[in-house]
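Participant: Listed below, chain by chain, are the residues.
Protein chains: 2
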Amino acid sequence: MRKVNAWAAMNTGGTLEPFQYQLANIAKDDVEIKVHYCGICHSDLSMLDNAWRRTEYPFVPGHEIIGEVVETGSNVGHLKKGDFVGVGWISESCMACDQCVGGDQHLCGTKEETIVRRHGGFADYVRCHWSWAIPLPQDIDLSKAGPLLCGGITVFNPILMANVRPTDRVGVIGIGGLGHMALKFLNKWGCEVTAFSSTPSKTPEILEMGAHHVVNSTDSEAMKSIRGTLDFIINTTNVTLDWSAYLKTLKPKGTLHMVGVVLEPMKIPAGLLMGGEKNLTASPTGSPGQMRTMMEFCVRHNIYPTVEEFPIKKINEAMDHLRDGKARYRVVVKMT
Amino acid sequence: MRKVNAWAAMNTGGTLEPFQYQLANIAKDDVEIKVHYCGICHSDLSMLDNAWRRTEYPFVPGHEIIGEVVETGSNVGHLKKGDFVGVGWISESCMACDQCVGGDQHLCGTKEETIVRRHGGFADYVRCHWSWAIPLPQDIDLSKAGPLLCGGITVFNPILMANVRPTDRVGVIGIGGLGHMALKFLNKWGCEVTAFSSTPSKTPEILEMGAHHVVNSTDSEAMKSIRGTLDFIINTTNVTLDWSAYLKTLKPKGTLHMVGVVLEPMKIPAGLLMGGEKNLTASPTGSPGQMRTMMEFCVRHNIYPTVEEFPIKKINEAMDHLRDGKARYRVVVKMT
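Heads up: the sequence lines are chains V and B, in that order.
Count the first sequence with my numbering and you get residues 1 to 336, in order.
Count the second sequence with my numbering and you get residues 1 to 336, in order.
If several chains are the same, the list does not tell them apart, and a pair holds so long as it fits within one copy or across any two.
Keeping only pairs whose Cα atoms sit at most 35 Å apart, straight-line, the calculated DSBU-like set for lysine-lysine is: (1) Lys253 <-> Lys28; (2) Lys224 <-> Lys253; (3) Lys251 <-> Lys28; (4) Lys267 <-> Lys326; (5) Lys314 <-> Lys326; (6) Lys81 <-> Lys34; (7) Lys313 <-> Lys334; (8) Lys34 <-> Lys144; (9) Lys267 <-> Lys253.
The hints are simulated quantities; they were obtained by calculation from the structure and are not laboratory data.
Predicted model only: the values in this text are computed from it and were never measured.
Using the sequences plus the hints, can you model the full thing?
Facilitator: This is the structure in structure tokens:
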């Protein structure tokens, strides 16, 4: 039994207010975590606004959780009280389907998402299945690590999937919460990194994050000048772009990878893929195995999101800061 | 110097008639081939009709060539008079660009295509760069091998590209000239093979070619019943289909691969790719290395297209047979 002090919206788009709820005795595969930090992701806003028609109220957002194990179910052997862990978009998967058994637990057909029909991380405590409580490396900076659990793994998994190599030239579309982490990862991966941005004022910051080149994606001449040069492009935006223009910037065998949820169907000329054996791929988040790998890579190379920290009592101000497009580049809430 | 007796159309969509032309002294990297057999491919018809606005007349079709080396340029060491070789869609590539040096000569930006600004294989002799004169294995059936050089490699390359495994469940859309070869390859590859066909009357033949299941692609209930079951689908048709319906038949991590030139942009919902990390890929023909590998695989497993043979004097009848959709399943013209 646990009484949880959380922050919840009572209706669509509502402000977050203190909300208490009760958890039953811990399940045998679960881990209970005292939350220290929690990032804010755009999907917290989408869920708050019921944009995907999946939200139940009271709604407790928060799925970039950093915390400390305080209790473990009877089946949990590898985690103990006091261990630091992170939790992202997913909190539970069946562990028995082909995807789970194959190490792709994030593709489990019956997975549970941290803020969908569950209460999320803007709370003093949260629970998840042990598989999704990602052990954190010793030396990680807890105050900045939260956004790695959702935004970070969302752009890190594609690098693994596409087998990006340090010799590759790569591009990142949209330099916001996800895109700025992609720049940092790909720079340390050893690649030559091009940022596509429609906000020229961000250029100095973008270069500092690890981009070697910034291309103004609204400048068709600039886009033409890099035709046929990139091995891999990751798109972090969720709007319809000129997909053909990006496909043309790819080298033969190059890949355009989508992580932004673009609602309008993409118009893809098959001939543009065919001539150069180009690929269109996409992914949601990542698996626990990939998350562990990412954490180790981040600590080795000192990779963290660029964060702005708010105390939990200013949670609504923090949410508005993100909603207004002011986040540079990711918002983290300190819970304690 | 060589006087070539060929069959050419003098204008758009015209019938083929005897046509002579002169070749200069052989270039140092070229091979001259006496043509024994030549398959007819749909792209011969497309070129004859100037459908791609690239045709020059007199136009000599034919790019599924089986023949015998009769002369070699001074740089050619590995082929000699009397060797049997095949030539497909491509006749020359630069051998120096990144694609050529990397073994992807079919993606060379300055490649020459056998029937584009060159005279093709409906002739007694034809020449190509040595790299595109594919040596044939000892025991190959010359009378049936022609269609492997274009139609065959077009569906074989994707199997290599997608790293299809014998444990996979795969699908083939469109059981015609290309599709029927894909069925034969994938059956011998060890896969469980589903054919998508809108012509139920072909079912017995399709099963005999190696399909384990035939799904009527116009039956939405049948399509629904196989949702989430396939690892790999190759589309050999060139018309707009319900791409979402096919993407839904894929397992997580599955691939929809296009080899048919669909002119209308494909409408692809990013969310359908994303949820299951699905891939949309495409390819034109294949490289010389892949063609050699394919030939060896065909001889090992006795894989040949199902062909109908016409003598060269009935070339126009043969072309019409294909144009009328009557080919079961590939037409080969005997030249001698």
